[in-house]
Structures are given as structure tokens and as C-alpha cells.
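Protein chains: 4
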Amino acid sequence: MSGLKQARREDYRYRIEIPTRWADADAYGHVNNVIYYSWFDTAVTRMMYERGVLSLHGPGAIGLCVESHCEYFAPVEFPQTIEAFVRIGRLGDKSLRYEVALFLPGDETPAAAGHFVHVFVDRATRKPTPLTLENKAALADLVVAAA
Amino acid sequence: MSGLKQARREDYRYRIEIPTRWADADAYGHVNNVIYYSWFDTAVTRMMYERGVLSLHGPGAIGLCVESHCEYFAPVEFPQTIEAFVRIGRLGDKSLRYEVALFLPGDETPAAAGHFVHVFVDRATRKPTPLTLENKAALADLVVAAA
Amino acid sequence: MSGLKQARREDYRYRIEIPTRWADADAYGHVNNVIYYSWFDTAVTRMMYERGVLSLHGPGAIGLCVESHCEYFAPVEFPQTIEAFVRIGRLGDKSLRYEVALFLPGDETPAAAGHFVHVFVDRATRKPTPLTLENKAALADLVVAAA
Amino acid sequence: MSGLKQARREDYRYRIEIPTRWADADAYGHVNNVIYYSWFDTAVTRMMYERGVLSLHGPGAIGLCVESHCEYFAPVEFPQTIEAFVRIGRLGDKSLRYEVALFLPGDETPAAAGHFVHVFVDRATRKPTPLTLENKAALADLVVAAA
Chain V
871 MSGLKQARRE
881 DYRYRIEIPT
891 RWADADAYGH
901 VNNVIYYSWF
911 DTAVTRMMYE
921 RGVLSLHGPG
931 AIGLCVESHC
941 EYFAPVEFPQ
951 TIEAFVRIGR
961 LGDKSLRYEV
971 ALFLPGDETP
981 AAAGHFVHVF
991 VDRATRKPTP
1001 LTLENKAALA
1011 DLVVAAA
Chain D
871 MSGLKQARRE
881 DYRYRIEIPT
891 RWADADAYGH
901 VNNVIYYSWF
911 DTAVTRMMYE
921 RGVLSLHGPG
931 AIGLCVESHC
941 EYFAPVEFPQ
951 TIEAFVRIGR
961 LGDKSLRYEV
971 ALFLPGDETP
981 AAAGHFVHVF
991 VDRATRKPTP
1001 LTLENKAALA
1011 DLVVAAA
Chain U
871 MSGLKQARRE
881 DYRYRIEIPT
891 RWADADAYGH
901 VNNVIYYSWF
911 DTAVTRMMYE
921 RGVLSLHGPG
931 AIGLCVESHC
941 EYFAPVEFPQ
951 TIEAFVRIGR
961 LGDKSLRYEV
971 ALFLPGDETP
981 AAAGHFVHVF
991 VDRATRKPTP
1001 LTLENKAALA
1011 DLVVAAA
Chain S
871 MSGLKQARRE
881 DYRYRIEIPT
891 RWADADAYGH
901 VNNVIYYSWF
911 DTAVTRMMYE
921 RGVLSLHGPG
931 AIGLCVESHC
941 EYFAPVEFPQ
951 TIEAFVRIGR
961 LGDKSLRYEV
971 ALFLPGDETP
981 AAAGHFVHVF
991 VDRATRKPTP
1001 LTLENKAALA
1011 DLVVAAA
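Residue numbers (the numbering used here), protein chains in the order written: chain V, 871 to 1017; chain D, 871 to 1017; chain U, 871 to 1017; chain S, 871 to 1017.
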């Protein structure tokens, strides 16, 4: 019992909408479990681009996913649009733990929630590299203090 | 030379926006050629749901893709949002040819364009089944007369 | 520190090979984190089909993923082929916890490892339904006693 | 009527096996039309890597898809394994037209067939760049003379 099902929109700090695609569904007619992680890394990466911490074309570090986790509470079906919410649960020197929740419009409880950990590495050498103070400042409002 | 590169937004009849996802890109940094077809069938299927011709849960026919084609004119990168346009190039009794074009915001010429053919079959037996008159009426404004 | 990096091939009971696909890579040139879950559910579902517990066309229950988790230890690149290993960590009445590890040929330690939980539901009503004794017997050799 | 349905294994020159993945299916229970293109570019790119014409990490040109086409003749279902066949229909100075057919084990006629055109560009500048004589020699046995 992780308590993730009790997550509410107001517990998070960043929000984007992600429309489902037809091919997201699997043979059971609902969105396949794999796709949720694509929504996680889309929400997280878009936020990181908007804050100027990551970018498609260098320079700067890249974020490698070293751990991810998801709990699924309700099915999602095409053509629904998901609201993806993100907060930062741990802002380390070389890594970030993003906490993500996905809500269907009108639902108070999440369809799914989980987390995702990025380690930052140099784009060329793939060696761990620290976040700059500027990076940390750009993300500060997303950090949720541990209880 | 198919002339598809000369396609313009006003040549089409239905429009949706589809945001890119981080995992859409391949090792060359731009969206992989495969993903464009996912945008095609997302635009087409969403239009067909909105017009009441197809639905996720029966009853009614389902559309099986029997042919698809795409020409690629410009790269697309995360986190761009694509405008997908659809028109119907042939409205047959048991099949439809959708013509689709994808534009990047601000561009006059398409990033990619192609077509997609659905044959309609019974959900259970998978035997060809005709579109109803009601279905055809619901799609009539999307049909573009052949030159 | 979950200890998953210490997983070894001999800790698992079922093995399949899964070749990478070109589109599995993301803009960083290695396989995207999302794809690993597709390998997880491919390995698990193929095993369940082979054991006769699940099938594409009914009758019988279907397995819905309610939780998944992955830790990533080494990058995977096209055109490598992954060895996916599965064991069952908990064989409940209405759910199964699969433990999965992915190895690159020649490597002693996993490229990634995690778990995946299926709850079994009736195909039509989507209500939880118990595994039969026959199902449990078909899976018994895959169960690894908890330490 | 393109005649692609008459394609036979012996009309092609290169062959790999590609197992389906669970998530390849869409809500209709069979593999989604989009996935076939992933099989096309997997077969083509693996062949090009084996022949030393393309590589994941430079130096050398990269191949950008400028056109693709597929006709679908029979459904494919998880956990089937596809045999993908490739030949080269046009070996130009700066582009290649690959012709691809996908067969299910035991079937004489293809489940799907189509083509795929690569234009070769410099990895960094993305300007068209010619195939070397060495590249062309490495592919010569795959070229099928036009009728």
C-alpha cells in the first residue's frame, strides 16, 4: 500500500495535457501499461525543457532514467486526454526524483501514479555531472518537502 | 513526384493537434518515421469517433487499415506539436481513403503527407460490411472531389 | 538499494530472447526507458500463453497490470538482442508478481531488472477472478520462495 | 492493384525474424498498422549495419526515411514471429529504395509488403551525401533488376 491512490491534483506543481493515440491501446482495448511511462517521461522532459535544464541539442547534461515505477488504478481509453502532473520529490546534486500522477478529466483520484529518477550525465562522456545552481533554482518551486 | 509537398492546410477539412512525446524520437534525434503513421491513425480514428462512424465499444463496424503511405519533407522534434489535417479522397461502399497532412506551426508546407485506406468489417466476423447511408452523410463534408 | 543489480540469470526460471528494434532508441541513441516495460510484458505474456494460463482469444481470465517497476543498470543499443528472464515472486489467488531481469549477451549482471503485477479479471466484466488450481499448477515451477 | 500480394519469399534477398511484442496489438487484438513500419526499418537498418553501410555511432552517413508505403493482406497476432524480407529496388547515388515483405511462418503469400526510401545525409550537417563505391559493392547482391 503505497498511498499513491490518495494523490490529488493539488499535491503536484506542474501540469500538461497529453491526448491518447489510437495505437496506445493494447488487445484489451485500454491503454497498455507501457504507454504510461511514455507519458511520464514526456511530462518530465517537457517541464525540464521549459525550465531550461535539459535541451534536445546541447550543450549541457542529459538525464538518464535509472529507476521508474507506476501503480495503475483505472483504465484509460482512446480518445481520452490525460492530465499529467509532476513534482520533485528529491533534488539531489546529480539526480532528481520526479513524482508523477495521471488524472482523467473529472476524476478526483488518479488513473495512475508513480515516480521516475533521472541521473544527470555529460552528453558526450556519459559520466555523472552535477546540476548547476541555476538549474536547481529553476526547479525549486517544484520541490515538495518530504513529510 | 507525387505533388504532396504542395499540400496546403486549406486543402483539408478536419484538424487536430497532436503533441510529440519524448519517446517519439529515434537515435537521430528527430521523430522516427514510424510515429507519423500513429499520428495518421490517431487523426483519422478521432475524426471517425466524433462523427459517430466508429466507436471503441461496439456495436458497428470496425475499420481495418489495408494500405498506408507517407512522404516526409521536414524533420519533427520533441517537444513540437503537429497539426494533423484529414480529408476523404474516396468514399466507397466498404472502404474509405483518407488523405492526411502534418504541418508544423508556422510552416506553409507540410512536414509530411500521405494516405491511409480503411476497409470496414464486422467487429465479430471480420467480413466486409458496407457503410450505412447515415455514416456516409456524417462524412460528406470531408470528401474532396477528385480533380 | 534494492539489490536488483545483484540478480543473476540462475535466479530466474523462464527465458526468452527479444531483439531490439530500430525505433526502440530515443534521441540519446540508446533504448528508451519505456521500451523495457514492453519487454517485461512480452516475456511475461508469452510465458503465460505457453503455460496456457492466458490466451489472446478467450475464454478465460485476462491479466491487468496494476504495478510495475524497473531499475536500469546499463544502456542497450540497437541491434542488440536482450535475454529476458522471469520468475514468480508471489503466486496469489487473484494476482501474480512476476520478477523480470534483462541481460545483454555475455554480461553477468543485468542491464535492467524489476517487477510487474497482474491482477486477473474476467474478460467481459473486468471483475477480479481467481486463478484455477490448474493455472497454479502450470506455474508452480516458476515460483521462487521468498528469502 | 500493386501486385505486392503476389510477392514470394524467393523474390527477396535478405531475411530476419522479428518476434511480435504484446504491446504491438491495438484494440482490435491484432498488430497495429503502425508497427509494420517499425519492422520495415528494423529489417532494413539491421541489414545496413551488417553490411557496414550504416552504424549507430559514426563516422559515416545516416539514412533518413523520405517515403514509405505498406499494403496489408493478413492480420498478425501476438505471439507470432514475422519473417521480414528485404531487397533493393533502386540503388541510387544518394538514395536507396528497399522493398520489404513480411511473411507469417507457413504462409506462401505475404501478410504485408511495401517499400521504404532512404536518402543518405551527413550525420552532422544533414546535407545529402553520396554512397561510396564500397557501400554500393556491399549491397550489390541485394539489388533486383527492374522488370
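Just so you know, the hints here were simulated from the structure itself, not pulled from any lab data. Computed from a prediction, not measured in an experiment: that's the story for all the values here. Heads up, the beta-carbon is just placed ideally off N, CA and C, and yes, glycines get one too. Treat the hints with care, since some could be wrong.
[Unchecked claim] In the EDC-like style, the derived pairs of lysine to aspartate or glutamate whose C-alpha atoms are separated by at most 16 Å in a straight line are:
no., chain 1, residue 1, chain 2, residue 2
1, U, Lys-875, V, Asp-992
2, S, Lys-964, S, Glu-920
3, D, Lys-875, D, Asp-992
4, S, Lys-997, S, Asp-963
5, D, Lys-875, S, Asp-963
6, V, Lys-964, V, Glu-920
7, V, Lys-875, U, Glu-937
8, U, Lys-964, U, Glu-937
9, S, Lys-875, D, Asp-992
10, D, Lys-964, D, Glu-947
11, V, Lys-997, V, Glu-947
12, V, Lys-964, V, Asp-992
[Claimed, not checked] A short list of chain U residues far from chain V (calculated; beta carbon distances all over 12 Å):
no., residue
13, Pro-945
14, Gln-950
15, Leu-961
16, Glu-978
17, Gly-984
18, Val-987
19, Arg-993
20, Arg-996
21, Thr-1002
22, Glu-1004
23, Ala-1007
24, Ala-1015
Please flag the earlier hints that this structure goes against, numbers listed from lowest up. When the structure is compared with the hints, numbers 1, 2, 3, 5, 6, 9, 10, 11, 13, 17, 18, 19 and 20 turn out to be violated.
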